[in-house]
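Enquirer: First to last, the protein sequences are chains A and B. Be aware that the first sequence starts at 1, since it is given in the working numbering, and climbs by one per residue. Be aware that the second sequence starts at 1001, since it is given in the working numbering, and climbs by one per residue.
Hint data in this document are derived by calculation from the structure and do not stem from the laboratory. It is possible that some hints are incorrect.
[Unchecked claim] The list that follows gives simulated cross-link-like pairs (lysine-lysine, BS3-like), each with its CA atoms no further than 25 Å apart:
id, chain 1, residue 1, chain 2, residue 2
1, A, Lys59, B, Lys1085
2, A, Lys59, B, Lys1110
3, A, Lys59, B, Lys1004
4, B, Lys1103, A, Lys57
5, B, Lys1073, A, Lys59
6, A, Lys59, A, Lys369
7, A, Lys208, A, Lys234
8, A, Lys57, B, Lys1031
[To be verified] Some chain B residues flagged as far from chain A (calculated, every beta-carbon gap over 10 Å):
id, residue
9, Leu1006
10, Lys1012
11, Tyr1025
12, Glu1032
13, Leu1041
14, Thr1044
15, Asp1045
16, Met1047
17, Ser1053
18, Arg1074
19, Trp1094
20, Arg1099
21, Val1100
22, Leu1104
Bear in mind the structure is a predicted one, so any value in this text is a computation, not a measurement. For every residue, glycine included, the Cβ atom is placed at its ideal position computed from N, Cα and C.
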Amino acid sequence: MESFNLERAIRDWRRDLQRYRSMEPGFIEELESSLHDYYEEYLIRGFRANEAFARAKLKVSPDEQVLAQEFSRAAIPHKGWKSVFGSFFFLLPSYLKVALRNLRRKRFYNLINFTCLTVGILTTILAVLYLDYETSYDDMIPEVDRKYRLGRTFRSQDYSVMSFDGYFGAAPEVQLQQLNGFQNIKGVEQACQFYTFWQPAIIKANEKELSTENLLQTNTPTAFFDFFGWSFLKGSIEAFGQKPNTVVLTESEAIRIYGADWADQPNLLEQLMEIDGEDYALVGVIEDLPPNVHFDFSMALYRPKIEYWGSRTYVKLARGEDPATIARRMDKNMAKINTRLAESELFGGTIIQPLRSIHLNSDMLYELKPPGDKRYLYIIGIISAIILLLTISNYTNLSIAMNASRAREIGMRKIFGAMEGQVSRQFVLESVVLSLLTLPVVALALQVIIPWFNTFMGTGLNEQILNRSSFWLILVSTTLLVGLIASLYPSLFLARHPVLRLFRGDLVKNTHRGFSTRKAIISFQFVLLIGLCSLTLLVNQQLRYIQTKDLGFDKEQVVYINLSADSSKYKVFKNELLQIPEVTGVGSGSPLGRNPFNQTTYKLDGTAEVFDDAYDISLDYAAIDLLNIETSIPDYVNNPAEAPQNLVLINETLSNRLCQRFDLEKQDLVGRQIIQEPEYTDEETGEPGFPITIAGFFKDINMFSLREEITPMFLTAYKDPGYVRWVSVAWEGVAPNKIIDKIREKYQGLQLNQALYYSYLTQNIEELYAKERRIARLSIYFSLVAFTVAIIGLIALTAYLTTLKRKEIGIRQILGASQLDILKRFNREYLVLIGISLLIAAPLTWYGVSRWLSSFAYRIELNPLIFLLAGLITLLITSVAVSIMTLKAARAVPVDALQETQ
Amino acid sequence: MATKALVAASTKPLVLSILSYGENYGYQIIKEVEQLSQGELSWTDAMLYPVLSRMEKEGLIASNWVKMDTGRKRKYYQITTEGQKRLERERRQWLNVNRVFIKLWGMDEKPYQPDLG
């Protein structure tokens, strides 16, 4: 048996205890003295040495863990936050001194870290501001939580407009009665209604003639301003409510009409202005509407009657009322509010919508402003989070590599008694200092970027943002947070190392084999890059597809002119237009490239099934010709003189449906009757609906955006129009703005007394995809930023690592490795990482993008090669960066590197 | 055996009381308490040393390392004036409690008579 060695036994016992951080050396020493006493006691009692020691040990430390816990409990109350902070502030000057010294010493690498941090913080702030803006719609309206908009379900569609009893024909009293009906529902405190018109109106005031869009008409003037709480700069709500034919301007409209000094003009109020031929008295000026309200107007007119078939109707509920109950109450009382609507079998109920949910959650017909899209908020959020993660991981990687050479400093600190926490605090502080240094740059950059972002994204972020304290709060807290997160890993990594290894100076090199944290971080970056790159490629592929897909009609070089006049004016205008040599065709009828509108119910005569999903459009033969829509009646289209006054064509989707459902041949459909709106009964004849005869077919056209699937359509082709709202003009061989000049000349010759409003067909279609295009472009910009950040990080890291590996390169070269061999060797490492990253990134992106694509009825097929392409792009850029840095090291004379003493 | 709560409450006054007889060290304190209580109070090192360290930080006791003839070191604790004041306070409290119990359990000359009126 081996003889018992007390010294060794105690040493082992001590080492076991030292593993616990709470066991300070003093504690252990004291326990050791106790251990001795017990040992001696047991020896005296007659135990053998090893037995005595075992018993003494059991007495002093029966369970090391419990022991350590007891001691840590003894330590904590006295080493609480106060003392941590105390020592932190005591050491702060020293921390700062070392931090600044280090920032200065490694200027190049710190500059790179600084740049990346700036970019990361900048994108994060921008994304936060944007998300905050999009989710703050209508927040400023007083008591917004109790305010709702009313809509209605009709057929299978939801309308954001509440129709009047009698539509256009509703008398002023009927319009008001209807609103009172809503207001009298139990639980409703207040109701108001208005409608805004996009058509430009001609304003004559202050000896000027101007055209203004976005006029608002209301016949509940006081309730309207009370409800939304817009504040008056001049005038008052009361004056607006006193008598009809009064007008309230927004500030910018007042400036436009009366100049910048409008407020100083004497007798500004009560001045008369002529709006579309009628006189109005100016009674007030309000502040411009904030950009994040779900509607906008330039001037509000008080009229006895709203000149539309319905109104935007708003209600304020009493405290604690449940909107769903109120909506049911409204439906129950609809007979009293709007008899015709209540009696219609197509009416599907009142919709009550919280004001705040309109911007992001409303998917109804005739929205006031293009609604936002939550998915795009997620995309922006995710992309900026990716950039932030890239920034942080860049910082982590680079600072581990960079600070590896500070191993001796850390070692000395530890030897002089620095605790782990105190060492890591140094690195945390350095990172926070660096990120705080980015503050002025970020603030200045935002000043420049926000106006650009606003025009680009169509948002209204506050450009005077530096004056807002909430902004500074976000900025400083984000910056601090980024600084803290970025320093998390490096500080722990560097502070945790045992003292001895710190002095061997092999912090970075010894992690070369296996899957080190550094490699994990780089792979993580690659995953983000490949994901972002393929996302950008796919989104843009879909947009290209949208732009080039055959819509079933010619969209180039067609412009729509708002005429809104009778057929005689149209004939004159058409003849005049055809005099212009570049004009190749003039037609009239429904414009294409628009948002969905109301559908029609219909059934095939002789059958019982009623469908409710058809769109009705009408075009004259000339318009069909100039749009080049393929029909089964080309002879009529080419020669309208021979054609009947009007006839109805159905699209392929509809003919296919009817053929399949009723087992018919396509040709059998020609001459069959369709009953539109069969729920309607002619009071005189007792016949249901409006019968029409199918005269032929036309090829499917995408009248709406490609998000919408093509549904059944009726196209009424006609020879001579009655009233013409839109004139379509096709032209060739001249720039778009030139042709408008020529058209305007002819338009003014008509003496219509209204402003010219026109829109190009291509422009209409593009507007349908405004959101998508913005996102696509933004994702390109963001991807570029992300790539730049990642590549800078990679270059810096490679540069640093190659300086550490100069000896290795030197030895390899001396032993006969060519530069190419070395390049291959250094690049191979990344090839594997990119391969792994590709496998992770591809399925994630696949999932995300297919979710997005599913919102399009017409979309690209997801091609797996795209992911490979994204991987290749990443590989290419990476290997160029790595190769350049490696070559730089390899070009050096090998002996020089080897002669260096470490 | 004393309950955990009682041990927790009595440790400090006991340590102060023992030290009021002169300086002492951990092992010996444990032994003395064990003897005085006839084995009822059996403290462990894991319990005592953290308490001593805490009391030292509170200023109730002071300590110094003493090198002995055998070459080993031992940490001796002394009671401070602050500690003596505390001990006096503790003593009064414990005696008060003690008196109440004595009365309640009929061990007093004038035992407790509940007023049931």
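Enquirer: Now tell me, hint by hint, if it's right for this structure.
Expert: Structure-based check of each hint:
no.: 1; hint: A/Lys59 <-> B/Lys1085; in the structure: violated, 33 Å
no.: 2; hint: A/Lys59 <-> B/Lys1110; in the structure: violated, 46 Å
no.: 3; hint: A/Lys59 <-> B/Lys1004; in the structure: holds, 19 Å
no.: 4; hint: B/Lys1103 <-> A/Lys57; in the structure: violated, 45 Å
no.: 5; hint: B/Lys1073 <-> A/Lys59; in the structure: holds, 19 Å
no.: 6; hint: A/Lys59 <-> A/Lys369; in the structure: violated, 80 Å
no.: 7; hint: A/Lys208 <-> A/Lys234; in the structure: holds, 22 Å
no.: 8; hint: A/Lys57 <-> B/Lys1031; in the structure: holds, 16 Å
no.: 9; hint: Leu1006; in the structure: holds, 18 Å
no.: 10; hint: Lys1012; in the structure: holds, 13 Å
no.: 11; hint: Tyr1025; in the structure: violated, 7 Å
no.: 12; hint: Glu1032; in the structure: holds, 13 Å
no.: 13; hint: Leu1041; in the structure: holds, 15 Å
no.: 14; hint: Thr1044; in the structure: violated, 7 Å
no.: 15; hint: Asp1045; in the structure: violated, 5 Å
no.: 16; hint: Met1047; in the structure: violated, 7 Å
no.: 17; hint: Ser1053; in the structure: violated, 5 Å
no.: 18; hint: Arg1074; in the structure: violated, 5 Å
no.: 19; hint: Trp1094; in the structure: holds, 24 Å
no.: 20; hint: Arg1099; in the structure: holds, 33 Å
no.: 21; hint: Val1100; in the structure: holds, 31 Å
no.: 22; hint: Leu1104; in the structure: holds, 35 Å
Violation of the numbered hints given earlier is confined to hints 1, 2, 4, 6, 11, 14, 15, 16, 17, 18; the remaining hints are satisfied by the structure.
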